[in-house]
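Just so you know, the sequences run in chain order A and B.
For reference, each letter of the first sequence is one residue, going 1 to 317 in this note's numbering.
For reference, each letter of the second sequence is one residue, going 1 to 317 in this note's numbering.
Because the hints were derived from the structure by calculation, they are not lab data.
Honestly, I wouldn't trust all of these hints.
Copies of the same chain look alike in the list, so a pair counts if it works inside one copy or between any two.
No more than 25 Å apart at the CA atoms, straight line, and that leaves these computed lysine to any residue pairs for SDA-like [as the list claims (entries may be wrong)]: (1) 308 / 241; (2) 308 / 2; (3) 266 / 281; (4) 50 / 297; (5) 269 / 291; (6) 269 / 281; (7) 207 / 35; (8) 266 / 248; (9) 308 / 279; (10) 266 / 49; (11) 50 / 308; (12) 285 / 35; (13) 50 / 117; (14) 50 / 24; (15) 309 / 290; (16) 285 / 260; (17) 309 / 260; (18) 7 / 116; (19) 204 / 109; (20) 285 / 312.
There are 2 protein chains.
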Amino acid sequence: MASEDSKINSLVDAASEGDRRSIARLLTLVERGGISAEIVAEATHPLAGKSHVIGITGAPGAGKSTLTAYLARDLAESDHKPAVLAVDPSSPLTGGAILGDRVRMEEASGAGAFIRSMATRGHAGGLALAVPGMVRVFDAFGFDPIIIETVGVGQVEVDVASAADTVVVVVTSGWGDAVQANKAGLLEIADLFVVNKADRPGAKDAKRDLELMIDLSQVTGQAVRRPEIIMTTATEGEGLDELQKAVSEHQQFLLQDDQISLRRSKRWKAEVSSRLEYLLLEISKNSIENIEENQSSPPNSVANELLKKLLNKDELH
Amino acid sequence: MASEDSKINSLVDAASEGDRRSIARLLTLVERGGISAEIVAEATHPLAGKSHVIGITGAPGAGKSTLTAYLARDLAESDHKPAVLAVDPSSPLTGGAILGDRVRMEEASGAGAFIRSMATRGHAGGLALAVPGMVRVFDAFGFDPIIIETVGVGQVEVDVASAADTVVVVVTSGWGDAVQANKAGLLEIADLFVVNKADRPGAKDAKRDLELMIDLSQVTGQAVRRPEIIMTTATEGEGLDELQKAVSEHQQFLLQDDQISLRRSKRWKAEVSSRLEYLLLEISKNSIENIEENQSSPPNSVANELLKKLLNKDELH
Numbered sequence: 001m002a003s004e005d006s007k008i009n010s011l012v013d014a015a016s017e018g019d020r021r022s023i024a025r026l027l028t029l030v031e032r033g034g035i036s037a038e039i040v041a042e043a044t045h046p047l048a049g050k051s052h053v054i055g056i057t058g059a060p061g062a063g064k065s066t067l068t069a070y071l072a073r074d075l076a077e078s079d080h081k082p083a084v085l086a087v088d089p090s091s092p093l094t095g096g097a098i099l100g101d102r103v104r105m106e107e108a109s110g111a112g113a114f115i116r117s118m119a120t121r122g123h124a125g126g127l128a129l130a131v132p133g134m135v136r137v138f139d140a141f142g143f144d145p146i147i148i149e150t151v152g153v154g155q156v157e158v159d160v161a162s163a164a165d166t167v168v169v170v171v172t173s174g175w176g177d178a179v180q181a182n183k184a185g186l187l188e189i190a191d192l193f194v195v196n197k198a199d200r201p202g203a204k205d206a207k208r209d210l211e212l213m214i215d216l217s218q219v220t221g222q223a224v225r226r227p228e229i230i231m232t233t234a235t236e237g238e239g240l241d242e243l244q245k246a247v248s249e250h251q252q253f254l255l256q257d258d259q260i261s262l263r264r265s266k267r268w269k270a271e272v273s274s275r276l277e278y279l280l281l282e283i284s285k286n287s288i289e290n291i292e293e294n295q296s297s298p299p300n301s302v303a304n305e306l307l308k309k310l311l312n313k314d315e316l317h
Numbered sequence: 001m002a003s004e005d006s007k008i009n010s011l012v013d014a015a016s017e018g019d020r021r022s023i024a025r026l027l028t029l030v031e032r033g034g035i036s037a038e039i040v041a042e043a044t045h046p047l048a049g050k051s052h053v054i055g056i057t058g059a060p061g062a063g064k065s066t067l068t069a070y071l072a073r074d075l076a077e078s079d080h081k082p083a084v085l086a087v088d089p090s091s092p093l094t095g096g097a098i099l100g101d102r103v104r105m106e107e108a109s110g111a112g113a114f115i116r117s118m119a120t121r122g123h124a125g126g127l128a129l130a131v132p133g134m135v136r137v138f139d140a141f142g143f144d145p146i147i148i149e150t151v152g153v154g155q156v157e158v159d160v161a162s163a164a165d166t167v168v169v170v171v172t173s174g175w176g177d178a179v180q181a182n183k184a185g186l187l188e189i190a191d192l193f194v195v196n197k198a199d200r201p202g203a204k205d206a207k208r209d210l211e212l213m214i215d216l217s218q219v220t221g222q223a224v225r226r227p228e229i230i231m232t233t234a235t236e237g238e239g240l241d242e243l244q245k246a247v248s249e250h251q252q253f254l255l256q257d258d259q260i261s262l263r264r265s266k267r268w269k270a271e272v273s274s275r276l277e278y279l280l281l282e283i284s285k286n287s288i289e290n291i292e293e294n295q296s297s298p299p300n301s302v303a304n305e306l307l308k309k310l311l312n313k314d315e316l317h
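Chain A extracted, bound-state conformation (with noise of 0.2 Å):
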């Protein structure tokens, strides 16, 4: 383990100079998993902790990839140096995509973005391990912000996008019967919400029903402040100025009171959770590979006998 201690202590040292070769095979080291993993998230948790997060979710075909193309290049031509992590089989970097995104990024790449993108299927210990060391990554060498773009399908996606700063949900109009199942869930996560394909009919409508959920979640939630609705065409680029605009007072508000220091420790008490849950699904699977099989027992009280024998575990010896 030494020798792969050092080998992550060099990639590490590179990638502190901004050598991006080394920040890809860390971010690799991470998506893989397993012991190197661990090494990587030691090595640059010290180095993170700056970076402001937004996440991007929404149904599929809502323009999220294309809302998230020009984001990143927009903000790389001006002044930031953003990061992005497709958690998305149809993100512009895996083939599914229009030309006009893949140029986008091209783009935003050029001027400095750093652009990652994942398949969501066969992570050691999944999706939820391994984003949010992937941030960190990225946030440890300096990019700023990164953008986590999911499809908001799954619940494991939603919580993933759901573990930013900013939450930016996308919809179209009729979007909710897309989503249906999710539609609460991504009501209660969204810090703004883009209503995007505003010049289709029925884009007035989808922002009006929003306004009304958002009336009445208001009424009976928690005081939070009220998300914003953005419009906007983002295959013709409209509407994306007022979303970067949005972002930017999103997080001037996480600033103020220190609301971000909530975000973060919730975030940080989730990856706790996600790995403690990782851990012991893998000690589970270790016993129940080792029971004798007693079909005359009921299955519920041999699982609470070897979970008795697991919590004390000097007994089994």
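Got chain A sorted already, so can you dock chain B onto it with the hints?
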């Protein structure tokens, strides 16, 4: 707890004498989870273990509900006493269904079948805990076969159906597009395939594709029984006899060489595993709630420390 115990014992006694309201209440207790569900599991476990369990799964809109309704009716009207557990928001019992399915389910019910639907969301401990417990209740009180119908989209739903003795995967032409991600997974669990809507163009191609996929998997995989492919037009009742015959032949196959024991052993283990995972996740939640926050520590180290403490509980006192 003593009064809960005796209440459940009375329900079990009444259910043993065929009282349907008691069976329904036991199912509800299992569905709700918690300590009552555990008591029911322990009370019904010794009575169960005789029934044949059929899992029916596939893409939304493939016609699973119609097939299930026909199968249940035909079984009930011959010498059987089937039960149906529809884990599917669009099942005939929950509004979205075709009138014909509803009628057939009522006929099945009239002939002695027990039909129960459950929502896929909001279960304490999840579907993976509730479904085996509910199947055990049906089994304990003489329902045979027990049909579990699930929509083959989420991993949990597929797992639930695959914990059956005979797994029927229902596809239609073009099915690959709808369940892209799960295609390989569905192939892996199928004991029988149904190509439904056999009157539509493309149905023969779908069958040919399946044959090819099965050929490929047989070459690489273990030597198991080659899944039969049944062509049905469920809405017309065509192919249903063939399906019933194929299910019955698969059941005979399982009884040879004691294949059935292997399945049940796998199922028993899977249930122990679900239960243990659930218990461990509860523990994880509790221990996270009580941690002292210290964001200067990397989340993974904190989780590792928490785990150590959990596994050596004595040190906590």
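Checklist entry - Among the hints numbered above, which are violated by the structure, and what are their numbers in rising order? => result 1, 7, 11, 17 and 19
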